[in-house]
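1 is the number of the first residue of the sequence shown in the working numbering; add one for each residue after it.
For the record, the hints were derived by calculation from the structure and aren't laboratory data.
Warning: the hint list may mix true and false statements.
[As the list claims (entries may be wrong)] Here are the computed distance ranges between Cβ atoms for each label pair:
hint: 1; residue 1: I104; residue 2: N68; range: 35 to 43 Å
hint: 2; residue 1: S2; residue 2: G56; range: 48 to 56 Å
hint: 3; residue 1: Q73; residue 2: Q94; range: 20 to 28 Å
[As the list claims (entries may be wrong)] List of simulated lysine to any residue pairs, SDA-like, C-alpha gap at most 25 Å:
hint: 4; residue 1: K83; residue 2: V48
hint: 5; residue 1: K5; residue 2: R46
hint: 6; residue 1: K97; residue 2: R46
hint: 7; residue 1: K67; residue 2: G78
hint: 8; residue 1: K90; residue 2: R46
hint: 9; residue 1: K67; residue 2: R46
hint: 10; residue 1: K97; residue 2: D77
hint: 11; residue 1: K67; residue 2: K37
hint: 12; residue 1: K37; residue 2: P50
hint: 13; residue 1: K83; residue 2: P60
hint: 14; residue 1: K37; residue 2: L20
hint: 15; residue 1: K37; residue 2: D59
C-beta: ideal position from N, C-alpha, C; glycine also.
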Amino acid sequence: MSMQKLWYVAVEVVFVIALLVLPIVLSTNDEPIPADKAQLNSWFDRNVGPLASREGSLDPAVVEAEKNVTVVQVRADGSGDFKTITDAIKSVPQGNKHRVIISIGLETTQKK
């Protein structure tokens with residue numbers, strides 16, 4: 001193996017190691033997400049906070065997308081905007097730049 005090829009391999013290895021280690025180094029997860037669902041909302045309020053208080057730290061495209069949120073309801077019984085998840089997904093325009101929440105309703109089945 002030539003020295004030049006060996007150099008490129010060494011650079012690639014260093015680059016891959018940096019990519020693997022970087023998220024660990026940058027993570028400041030001092031308080032892990034609680035396993036108890038009852039504690040989740042208070043954890044979220046402490047660690048994430050409302051959008052208005054975080055706008056300066058978010059990507060401007062995210063802030064813009066949050067300004068016009070659309071919620072579509074999926075209900076198999078027809079009481080929502082769509083009967084299937086597929087139809088709800090297809091309703092989101094290609095290249096959409098606004099947040100779309102697809103809310104999937106619970107369905108109760110009755111055995112005969």
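Results for each hint:
{"no.": "1", "hint": "I104 with N68: 35 to 43 Å", "verdict": "violated (21 Å)"}
{"no.": "2", "hint": "S2 with G56: 48 to 56 Å", "verdict": "holds (50 Å)"}
{"no.": "3", "hint": "Q73 with Q94: 20 to 28 Å", "verdict": "holds (22 Å)"}
{"no.": "4", "hint": "K83 with V48", "verdict": "violated (33 Å)"}
{"no.": "5", "hint": "K5 with R46", "verdict": "violated (50 Å)"}
{"no.": "6", "hint": "K97 with R46", "verdict": "violated (28 Å)"}
{"no.": "7", "hint": "K67 with G78", "verdict": "violated (29 Å)"}
{"no.": "8", "hint": "K90 with R46", "verdict": "violated (35 Å)"}
{"no.": "9", "hint": "K67 with R46", "verdict": "holds (23 Å)"}
{"no.": "10", "hint": "K97 with D77", "verdict": "violated (30 Å)"}
{"no.": "11", "hint": "K67 with K37", "verdict": "violated (28 Å)"}
{"no.": "12", "hint": "K37 with P50", "verdict": "holds (20 Å)"}
{"no.": "13", "hint": "K83 with P60", "verdict": "violated (34 Å)"}
{"no.": "14", "hint": "K37 with L20", "verdict": "violated (31 Å)"}
{"no.": "15", "hint": "K37 with D59", "verdict": "violated (29 Å)"}
In terms of the numbered hints stated before, the structure departs from hints 1, 4, 5, 6, 7, 8, 10, 11, 13, 14, 15, listed from lowest to highest.
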